[in-house]
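Enquirer: Sequence:
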Amino acid sequence: RMRRETPEPPPTAPRAFRLSFRTGASGPGVVRLEGVAKSHGGRLLFADVDLELAKGDKVGLVGPNGAGKTTLLEVLIGRQDADSGSVFRGKNLKIGYFAQEAEELDFSRTLLEEISSVRNPPPSQAWARGLLGRFWFRGDAVHSRVGQLSGGERARLALAKFIAQDYDLLVLDEPTNHLDIESQEIVAAALRAYPGMVLVVSHNRSFLNEVANQIAIIAHRRLAVFQGTFKDSWAAAKMAEFMAVQRKPRYRVLRVVKDWETGTAYHGGDVIALQGAETQAFLRLLRWAEANGRVERIET
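696 is the number that our numbering gives to position 24 of the sequence shown; each next residue is one higher, with no gaps.
For the record, the hints were derived by calculation from the structure and aren't laboratory data.
Think of the CB as a built atom: it goes at the ideal place given N, C-alpha and C, for glycine as much as any other residue.
Treat the hints with caution; some may be incorrect.
[Claimed, not checked] Straight line, CA to CA, 30 angstroms or less: simulated BS3-like cross-link-like pairs of lysine-lysine:
#1 Lys930 with Lys903
#2 Lys910 with Lys727
#3 Lys763 with Lys727
#4 Lys727 with Lys930
[Stated by the list, open to error] For each label pair, taking beta carbons as the anchor points, the in silico distance ranges come out as:
#5 Gln952 with Ser756: 33 to 43 angstroms
#6 Thr782 with Gly728: 29 to 39 angstroms
#7 Arg864 with Thr742: 16 to 26 angstroms
Please construct the entire structure, taking both the sequences and the accompanying hints into account.
Expert: This is the structure we're talking about:
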C-alpha cells in the first residue's frame, strides 16, 4: 500500500510550491458529456455516457483494459470526436493532458531551465528549485541536463512541469507509471491540493484513494460515477453492485428459440437479457441453443 507519510520537503519548498491557477473558467459544469457514444474499428466502446466535472472535482477513471478509458479522455478533451451525443467545454477552459509517457521535454536543457520554461516571464530560481525539490530533484541535481536522467526521473520531471502549469483541468492517463512509492505520494499530494478539476486514469487504487473524491467506472459499454473512493465502504459496495449488474449475460437470437415452459418464442434479432431469476430449465435451453447456433452470447 502507498505510504501515508510525506517525505520531508527541502527548505525552499513551502513558499516556492505555491502554484497560481486561473479560476474564471472553473464554474459548475465546466466540462460535460451528454449521451456520448464512441466506436473503434467497428466495435462499440461505450454509449449513453454522461459525465460532468466542476471546480474541485477529482475523478478517478477505472475499468478493464480495452473498455475505452483513454478514448473517453480524448473525446472529453477534443482529440477525438464522439460518434453521437454532445460535449461541452467552458469558454476559455485550459486543459492539460498528461499521457503515459514523459512528453514534451527538451533533453538539451537543465532541469531548472525546463521547469522555468512553463512560465512567461520565467519564475524566480527559488520558485523553480522549490518545485523541483518537491519532486526529489535537489542541490546540484537541478543543473543536470534532462537528457542525463533515467526514464523514471524524466517521468517525474514531466509531472512536475505539467502540474505547475496554469490549467483549469488536469487530465492524466496512468501518471504513476515509472514512479516509485515516494514519487507517487508526492504527485498524489500535489493533485490533492490542486484547486481545479482533475480526471485521472489509473490502475493504482491506492493512488486514487489519495487523490480522488469520485470514482467513475467504465465497463461493458457503460459509465457510472460514484461519490467517494475504494476505501469508502458504501461507495465500494455500490461499485461492486454496478459491476455485478453489468456482467449479467445477454444473448442475441440467430434462429427461433421456443421456451416450452412459458410458450414464449424468441425470433432472430431478439435479445435475451438474463436478470438472475431464470429457471434452471431456461438456462439449460439457452446452453443448448448456444451450442446449436441458435443464439450467440453478446460481449458486455
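Enquirer: Take the hints in turn and mark each one as holding or not.
Expert: Here is how each hint holds up against the structure:
1. Lys930 with Lys903: Outside the cut-off at roughly 47 angstroms; violated.
2. Lys910 with Lys727: holds, 24 angstroms
3. Lys763 with Lys727: holds, 14 angstroms
4. Lys727 with Lys930: violated, 54 angstroms
5. Gln952 with Ser756: 33 to 43 angstroms: Given about 40 angstroms between the Cβ atoms, the range holds.
6. Thr782 with Gly728: 29 to 39 angstroms: For Thr782 and Gly728 the Cβ distance comes to about 35 angstroms; the hint holds.
7. Arg864 with Thr742: 16 to 26 angstroms: Given range 16 to 26 angstroms: holds, Cβ gap about 23 angstroms.
Figure legend: structure checked against the earlier numbered hints; hints not met, in rising order: 1 and 4.
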